[in-house]
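K.L.:
Just so you know, the sequences run in chain order A and B.
My numbering numbers the first residue of the first sequence as 1 and each following residue consecutively.
My numbering numbers the first residue of the second sequence as 1 and each following residue consecutively.
Do not take every clue at face value.
Said to hold, decoys possible - Chain A stretches covered by chain B per the calculated footprint, using a threshold of three residues with CB under 8 Å from any CB of chain B:
# : region
1 : 96-106
2 : 117-124
Claimed, not checked - Pairs of lysine-lysine residues, derived as BS3-like cross-links and limited to a Cα-Cα distance of at most 25 Å, are as follows:
#  : chain 1 : residue 1 : chain 2 : residue 2
3  : A       : K134      : B       : K54
4  : B       : K124      : A       : K76
5  : A       : K2        : A       : K76
6  : A       : K58       : A       : K76
7  : B       : K58       : B       : K48
8  : A       : K77       : A       : K2
9  : A       : K63       : A       : K5
10 : A       : K77       : A       : K5
11 : A       : K2        : B       : K124
12 : B       : K48       : A       : K2
13 : A       : K5        : A       : K76
14 : A       : K77       : A       : K58
15 : B       : K124      : A       : K133
16 : A       : K58       : A       : K133
17 : B       : K48       : A       : K5
18 : A       : K77       : B       : K124
19 : A       : K76       : B       : K55
20 : A       : K76       : A       : K33
21 : A       : K77       : B       : K55
22 : B       : K55       : A       : K134
23 : A       : K133      : B       : K55
Stated by the list, open to error - A few chain B residues that face chain A, going by a derived Cβ cut-off under 7 Å, partial list only:
#  : residue
24 : A47
25 : S122
26 : L123
Honestly, the hints are just simulated from the structure, not real lab data.
Here the structure is a predicted model, which is why all the values come from computation and not from measurement.
Cβ coordinates follow ideal geometry from the N, Cα and C atoms, glycine included.
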Amino acid sequence: MKNIKFLILGIFFAIVLSKTEAISWYRFYEMFKFQSFHMFGIIGGAVLISMVFMQLFKSGKIKDINGNKIYPEQKKKGFISTILGGTFFGLGWGISGACAAPVFVILGFKLIPALILLAGALLGAFIYGILSKKLPN
Amino acid sequence: MDFISQPWPWYVGGPLIAISLLLYFYFGQNFGASKNFETLCTMAGAAKFSDYFKKDWKERDFALLFVVGLIIGGFISAAYLIPNQNIDLNPNTAQELTDLGFSNVGRQYFPDEIFGEDVVSSLKGFLILLVSGLLIGFGTRYAGGCTSGHAITGLSSLQLPSLLAVIGFFIGGIIATWFIIPILF
Numbered sequence: 001m002k003n004i005k006f007l008i009l010g011i012f013f014a015i016v017l018s019k020t021e022a023i024s025w026y027r028f029y030e031m032f033k034f035q036s037f038h039m040f041g042i043i044g045g046a047v048l049i050s051m052v053f054m055q056l057f058k059s060g061k062i063k064d065i066n067g068n069k070i071y072p073e074q075k076k077k078g079f080i081s082t083i084l085g086g087t088f089f090g091l092g093w094g095i096s097g098a099c100a101a102p103v104f105v106i107l108g109f110k111l112i113p114a115l116i117l118l119a120g121a122l123l124g125a126f127i128y129g130i131l132s133k134k135l136p137n
Numbered sequence: 001m002d003f004i005s006q007p008w009p010w011y012v013g014g015p016l017i018a019i020s021l022l023l024y025f026y027f028g029q030n031f032g033a034s035k036n037f038e039t040l041c042t043m044a045g046a047a048k049f050s051d052y053f054k055k056d057w058k059e060r061d062f063a064l065l066f067v068v069g070l071i072i073g074g075f076i077s078a079a080y081l082i083p084n085q086n087i088d089l090n091p092n093t094a095q096e097l098t099d100l101g102f103s104n105v106g107r108q109y110f111p112d113e114i115f116g117e118d119v120v121s122s123l124k125g126f127l128i129l130l131v132s133g134l135l136i137g138f139g140t141r142y143a144g145g146c147t148s149g150h151a152i153t154g155l156s157s158l159q160l161p162s163l164l165a166v167i168g169f170f171i172g173g174i175i176a177t178w179f180i181i182p183i184l185f
């Protein structure tokens, strides 16, 4: 069970998101209405500190557990796919107040609604898989 | 004990999320959450319908354990770590939502108008959640990532596609909160 550490990290991450209210519908509503700094502080702070980590990965000062250099995956390029896909995701996020990781965390808070959200997300990923070759990038 | 009972401010959340990312990479994997929707489709047999899902889900067992952790962490938080769900909202936000007909604004994490038991058993309430979920699943896979993968991992590693994706997140989120929510409620 060498991967048990990911389970523990998942628990930790869920607690962080819960305690900082970063799973709350209201916090995301406030964010998209630019009425509060809270979520911008959380996400912006996470990005700024992660930038430092990325530099340490790049320079090889932080290596992974096996001593290998860490390379963040290069995201697929495509103007339409990222903007349009992002917009679809933003619509779902703005209405439900849930992004991907919180969908799983919310199961602990609101089981049935979160199961409906999750079923929708799986259906959405399934539809994407079926259409992926036909969609513009 | 305050640290357990009180919500954590943004300047605690940002660093702890960055540390989660650091550990995820340190453990040898790329930080993200939305690819799991695909993996779960593969596990459910989606490969029968499209070659897109012909992947070995066992290669992503670490990510599935992360997801199990997220679920366990959610239950632990809900049961033990959040004695009250009061949120210190901007008074304008609270007033706006009250005017739209939302009750108990800011006294819980999730509004009854979307997550309440009666609401989700109504057709409208069910569809709101299902279609939102569908947009989340479809959109994240089309864009190639979510808040974790694009906004945090992608932006911090200075990747242009992630900047475009985050612009998309905000276009969608703004349309949803400024225009769709007032129509729905």
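K.L.:
Indicate, hint by hint, whether the structure satisfies it.
P.N.:
Here's how the hints hold up against the structure:
Restraint check on the region 96-106 of chain A versus chain B: 10 residues with Cβ-Cβ distances below 8 Å, three needed, restraint holds. Only residues whose C-beta sits within less than 8 Å of a C-beta in chain B count toward coverage, and the region 117-124 of chain A has 8 of them, enough to reach three; the restraint holds. For the hint pairing K134 of chain A with K54 of chain B, the CA-to-CA distance comes to about 18 Å; that is within 25 Å, so the pair holds. A C-alpha spacing of about 36 Å is found between K124 of chain B and K76 of chain A, which places the hinted pair above 25 Å, so the restraint is violated.
A C-alpha spacing of about 30 Å is found between K2 of chain A and K76 of chain A, which places the hinted pair above 25 Å, so the restraint is violated. Distance check on the hinted pair: K58 of chain A and K76 of chain A sit about 20 Å apart at the alpha-carbon level, within 25 Å; holds. Restraint check: the Cα-Cα separation between K58 of chain B and K48 of chain B comes to about 17 Å, which is no more than 25 Å; the hinted pair holds. Pair hint K77 of chain A plus K2 of chain A does not hold up; C-alpha atoms about 33 Å apart against a cutoff of 25 Å.
About 17 Å separates the Cα atoms of K63 of chain A and K5 of chain A, which keeps this hinted pair within 25 Å; it holds. Between K77 of chain A and K5 of chain A, the direct Cα distance comes to roughly 31 Å. Violation of the 25 Å bound is thereby established for this hinted pair. Only pairs whose Cα atoms come within 25 Å are accepted, and K2 of chain A paired with K124 of chain B is rejected, the gap being roughly 44 Å. A C-alpha spacing of about 31 Å is found between K48 of chain B and K2 of chain A, which places the hinted pair above 25 Å, so the restraint is violated.
A C-alpha spacing of about 28 Å is found between K5 of chain A and K76 of chain A, which places the hinted pair above 25 Å, so the restraint is violated. Only pairs whose Cα atoms come within 25 Å are accepted, and K77 of chain A paired with K58 of chain A is accepted, the gap being roughly 21 Å. Between K124 of chain B and K133 of chain A the CA atoms are separated by roughly 32 Å; this puts the pair beyond 25 Å, and the hint is violated. Taking the CA atoms of K58 of chain A and K133 of chain A, the gap is about 33 Å. The hint is violated against a cut of 25 Å.
For a cut-off of 25 Å, the pair hint linking K48 of chain B to K5 of chain A is broken: about 32 Å separates their Cα positions. Among the hinted pairs, K77 of chain A with K124 of chain B is inconsistent with the structure: their alpha-carbon atoms are about 37 Å apart, more than 25 Å. Of the supplied pair hints, the one linking K76 of chain A and K55 of chain B holds, its CA atoms being roughly 18 Å apart against a limit of 25 Å. Proposed proximity of K76 of chain A and K33 of chain A is contradicted: the alpha carbons are some 29 Å apart, above 25 Å.
Pair hint K77 of chain A plus K55 of chain B holds up; C-alpha atoms about 22 Å apart against a cutoff of 25 Å. Simply put, K55 of chain B and K134 of chain A have alpha-carbon atoms about 20 Å apart, close enough for the 25 Å limit, and the pair holds. For the hint pairing K133 of chain A with K55 of chain B, the CA-to-CA distance comes to about 16 Å; that is within 25 Å, so the pair holds. About 9 Å separates the beta-carbon of A47 of chain B from the nearest beta-carbon of chain A, more than 7 Å, and the hint is not met.
About 12 Å separates the beta-carbon of S122 of chain B from the nearest beta-carbon of chain A, more than 7 Å, and the hint is not met. About 12 Å separates the beta-carbon of L123 of chain B from the nearest beta-carbon of chain A, more than 7 Å, and the hint is not met.
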